[in-house]
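Undergrad: Sequence:
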Amino acid sequence: MTSTDVEEVKALLARMNEVQQRQILQYLRDLLPKHPVEDMLMISADGMLEALNRAGDFTIRMIRGVFAEAAFAAEVLPTLPSSWREIPINGDPPYDF
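Residue 131 is where the sequence shown ends in my numbering, and the numbering goes up by one at each step.
Since the hints were derived computationally from the structure, they do not count as laboratory data.
Since the model is a prediction, treat every value here as computed from it, not as a measurement.
Everything hinted at is true.
Each pair of labels, with its calculated beta carbon distance range:
id, residue 1, residue 2, range
1, W118, D73, 30 to 36 angstroms
2, V110, M76, 30 to 36 angstroms
3, V110, I77, 26 to 32 angstroms
4, A89, Y129, 17 to 23 angstroms
5, V53, R119, 49 to 55 angstroms
6, S78, E103, 23 to 29 angstroms
7, L114, Q57, 41 to 47 angstroms
8, Q60, I97, 21 to 27 angstroms
9, M35, T113, 34 to 40 angstroms
10, F92, K68, 24 to 30 angstroms
11, F106, A79, 20 to 26 angstroms
12, T36, V100, 36 to 42 angstroms
Note that beta-carbon positions come from the ideal geometry of N, C-alpha and C, so glycine has one too.
Full structure from sequences and hints, please.
TA: Next up, the structure:
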């Protein structure tokens, strides 16, 4: 498949209504392997999002903290001078950086 083919598929998807797009999305989810977290937690990505949508404020704040730490590790740490390094943390403190 060429990049032109991919662009044609994208154009076709853009012309579909939401119901049709969701059918394609479900097809792709069935076709592609699950994310390892889906297997680890035994729930689909959509199930996780629905659970978060129902979660209380405390849970959402906790999840935001986990996401913020991951974003910091992926996007900020690599931009810091090489003298900065990650130090292993023992236990489960309320922060990792």
